[in-house]
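Modelling step: build the complete structure from the supplied sequences, incorporating the hints.
Take a look at the letters that make up each chain.
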Amino acid sequence: MSRKLSSEVTLEGVGKRYGDLWAVREVSLTIRPGEFFTLLGPSGCGKTTLLRLIAGFALPDAGGILLDGEPIDHVPPWKRDVGLVFQHYALWPHLSVYENVAFGLRERKVPRAQIAQKVAAVLSQVGLEGFERRRPSQLSGGQQQRVALARTLAVQPRLLLLDEPLSNLDAQLRAQMRIELARLQRDLAITTLYVTHDQAEALALSNRVAVMLEGAVVQQGTPEEVYWRPRNRFVAEFVGAANLFPVQVVELRETGVLVETGSGTRLPVPADPGRWRPGTRALLCLRPEALRLEEAAIGRGTGFLATVAGRVFEGDRHVYEVRLGEGAHLRVELPALGEGRIFRLGDRVRVELTAETAVLLPET
Amino acid sequence: MLGLLALLVAGILAPLLQVLWAAVSDVDGFTLRHLGSFFRRPLFLESLVNTLASGLLAVLFGSLIGVPLAFLTVRYAFRAKTVLQTLGVLPLVIPPFVGAVAFQQILGRGGTVNLILHQTFGTTLPMMEGLTGVVLVQTLHYFPLIMLNTAAALAGLDPSLEEAARNLGSSGFRLFRRILLPLALPGYAAGALITFIRVIDDLGTPLMLNYTKLLAPQAYLRVTTVGLTDVDGYVICVILVILSIAALWGSKAALGLAEYATLQRTAEAEPRPLKGAAALGVWLISAALLGPALLPHAGILLLSLSKVWSLSLLPTVYTLGNYAEILFRSRSFIWNTLRYALLAAVIDVALGAAIAWLLLRGTVRGRGWLDAIATMPLAIPGVVLAVGYLRVFHGWDFPGLGQPLTATWLILVLAYAMRRLPYTVRGAYAALQQLPVALEEAAQNLGANRLRTFFRVTAPLMARGLLAGGLIAFITSAVELSTTILLVPRIELGPLSYGIYIYMQSAVGRGPGAALGVVAIVLVGCGTWLAHRLAARGAGSIFRL
Ligand SMILES: Nc1ncnc2c1ncn2[C@@H]1O[C@H](COP(=O)(O)OP(=O)(O)OP(=O)(O)O)[C@@H](O)[C@H]1O
Ligand SMILES: [Mg+2]
Chain A
1 MSRKLSSEVT LEGVGKRYGD LWAVREVSLT IRPGEFFTLL GPSGCGKTTL
51 LRLIAGFALP DAGGILLDGE PIDHVPPWKR DVGLVFQHYA LWPHLSVYEN
101 VAFGLRERKV PRAQIAQKVA AVLSQVGLEG FERRRPSQLS GGQQQRVALA
151 RTLAVQPRLL LLDEPLSNLD AQLRAQMRIE LARLQRDLAI TTLYVTHDQA
201 EALALSNRVA VMLEGAVVQQ GTPEEVYWRP RNRFVAEFVG AANLFPVQVV
251 ELRETGVLVE TGSGTRLPVP ADPGRWRPGT RALLCLRPEA LRLEEAAIGR
301 GTGFLATVAG RVFEGDRHVY EVRLGEGAHL RVELPALGEG RIFRLGDRVR
351 VELTAETAVL LPET
Chain B
365 MLGLLALLVA GILAPLLQVL WAAVSDVDGF TLRHLGSFFR RPLFLESLVN
415 TLASGLLAVL FGSLIGVPLA FLTVRYAFRA KTVLQTLGVL PLVIPPFVGA
465 VAFQQILGRG GTVNLILHQT FGTTLPMMEG LTGVVLVQTL HYFPLIMLNT
515 AAALAGLDPS LEEAARNLGS SGFRLFRRIL LPLALPGYAA GALITFIRVI
565 DDLGTPLMLN YTKLLAPQAY LRVTTVGLTD VDGYVICVIL VILSIAALWG
615 SKAALGLAEY ATLQRTAEAE PRPLKGAAAL GVWLISAALL GPALLPHAGI
665 LLLSLSKVWS LSLLPTVYTL GNYAEILFRS RSFIWNTLRY ALLAAVIDVA
715 LGAAIAWLLL RGTVRGRGWL DAIATMPLAI PGVVLAVGYL RVFHGWDFPG
765 LGQPLTATWL ILVLAYAMRR LPYTVRGAYA ALQQLPVALE EAAQNLGANR
815 LRTFFRVTAP LMARGLLAGG LIAFITSAVE LSTTILLVPR IELGPLSYGI
865 YIYMQSAVGR GPGAALGVVA IVLVGCGTWL AHRLAARGAG SIFRL
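Chains A and B, in that order, are what the protein sequence lines are.
For the first sequence, the residue numbers in this note's numbering are 1 to 364.
For the second sequence, the residue numbers in this note's numbering are 365 to 909.
Derived by calculation from the structure, the hints in this document are not laboratory data.
Backbone N, C-alpha and C fix where the C-beta goes; we use that ideal spot for every residue, glycine too.
Check each hint, because a few of them may be wrong.
Have a look at the derived ranges for each label pair, beta carbon to beta carbon [as the list claims (entries may be wrong)]:
hint	chain 1	residue 1	chain 2	residue 2	range
1	A	H88	B	A823	20 to 30 Å
2	B	L399	A	R17	48 to 58 Å
3	A	H88	B	V373	38 to 48 Å
4	A	Q114	B	A823	22 to 32 Å
Below, the structure is given as structure tokens:
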């Protein structure tokens, strides 16, 4: 297929208000050409609203949206050339799969013969050859999802907007479609804005992620940044599992700060010393897979002493719950295939951590 | 949008306001004198009481027949069920004034039944005299409206509501009274309301039965005999409108509960089988009702085939000549009907789709007004609308026609289209409401502008609902008499219903009139059946309000 250059989208302080509620507030971000960008956030945080603003189904009450540097506020939806795959697909029940996919091409006055060619090409891209004559009601959920995708891809939009496209599928199909989607996006090199509330999906697919809460973007960055350097408690807990416990900053150092836990253990943590001052209360965030367990007897140095309070085998790993002296609980994930031994309930252990993976977060 | 509003104002609002104004004004301006004098005229007062009585009695008797039948057909399974359900639609396919003729022929003073009674017992029963006849005909014609609306409400109930009550220890009559009855009330109220409004609005039946002490025929008589300058005609019209609106308000209270029935429903309630004595009882009821319900159909068919049928049990001489008369010699009646009704239906479908779209998807202001005006015809009796038209369009040449609108057949099309508009608006509204907005947004997202989206996505998806609504508009227009009788400019421009009325005025015309009646039944029957297929919903859904 011939390919248009895909576009760059810029949101400048975009806000949208419904009554008293700002469904989207002061969102500023730039999605670069060919990038796979994900909006990640809990239900009701304004993800769909943001997509609808970009697609032109709602007008921003604040800020502006630029497509390749051009403001598009005055452009009606049908002239934006921004492909939206709807959360519930929105396939037209009165049209066949073929007609659904051909719809946008017909609107663009593409000659009949070319339409047939293009439809066949996209349908094979999404693995739906031979389904042309079916009605949407005669398709499975996954097939409907592919038709919705094909319908949008057929017109080669400048920008692809995907609204939780996998949320209606079962776990296995979701995993499979995730891989196919990543491949398609890479092959087409089309700028993609993907919306999801599933953090695993976001981390797996994206070049960059923006985490949203109550209409605002809380943090944006690469999946690694967002996962390992969450900016606040919400991001830390929403993206992956997090062990959080209260600490106090006791000393500023050159590359980090020294914190003290309630029980008096002192730990050096990487952090920007400019942002903290001694005496401040803070939260220490430890990812479960960045922790290790040792037998209490042999462990030495930095760790905390703890008791094993629970263990769940999840196939690829063991998930432990250990109780610290102060009564706090930690979640620790250890690979199931490995040299380490398996602990039992009641075992005394020492929790070891690599200081580089610990993150200091503001208390609230 | 502006053009649309202008049309609705000219076709609905202006005539209504004209009538209202004429009733409360004289040369000096506003006055309540005319309204006051209405209540001092014994004839008018009697008509008012009779009108109220006929409406209420028809609702009462209709409920006594319709409600039990609704419960039976929805909640129990038995063999005669299909018979009962068909029974629920049959009376509706025969226009009431046509039915009236047949009832007269069979139950009237010199009719079949009274002849038998006279021969065997030497006495007769005045079944078709005066108000009794009117109420009898209307009850037997309209009880299906109550039955179908109640049945629909019952069938739409979530069975778990009833199961929850049973689970908490309620059963039998208490269950019925505390749970089922209140839940089915909105549906019943809707049925009762249209029955009431249609009965007080009905002009054809009293005229056919030659009973004029009712408001609608009084208004008709004033306008046709005294003329358009007579204030009393307008006053009667205003009283009629007030009655309709009062009924509408009265049922609003019950209809306000309608959200109950539309809550999520998990499953259809399983009808319980009915056996033994109960089944036998149901058979008897069905048989007893089938008789009167089919009577008019049979009567009109016989009459249409008879050359002579007077003071005898059955026709004495049979002929096909009546059909030759209406199909060949005076074929304008049928032709006119098809033409007017089709045109009105097409207009209604177009307007209905546009109005529904504006109401649900549009952003322009004034939508509240649009909605209010478009549903208004439901509460405007046909006589009133016709009188309003005469007042608004009479006496001045309509631009482009070279004569007054009331001198052309266009006035009939306008009247039909406006009167039936609520059907297509409601049909289109319901269809559009069920259509996720995302389907339209998806089209716009792929490059279709508003108009193209409407034609490629919205309209096709609404098509079934629209067509069903259009068909209902068509068949009800085809047998409309209340406005027709006042608005037909010349006899050769009259439609079928007018033809029936004219023929029935003379003894020799009764045969051809009945033949036209049979045509009307066939037309309505086919249309109903088709609309049913299109609507593809439960039995009789198209007759619901
Ligand atoms: N048309 C509307 N009118 C009023 N409020 C709205 C409207 N659309 C959305 N909202 C509100 O705006 C907020 C954001 O809604 P939105 O649909 O964007 O959430 P979302 O992040 O897509 O959620 P989900 O993951 O559940 O799809 C919600 O609180 C919602 O109630
Ligand atoms: Mg959403």
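Each hint tested on the structure:
no. : hint                             : verdict
1   : H88(A) with A823(B): 20 to 30 Å  : 22 Å, holds
2   : L399(B) with R17(A): 48 to 58 Å  : 52 Å, holds
3   : H88(A) with V373(B): 38 to 48 Å  : 40 Å, holds
4   : Q114(A) with A823(B): 22 to 32 Å : 27 Å, holds
Going through the hint list in order, the structure satisfies each hint without exception.
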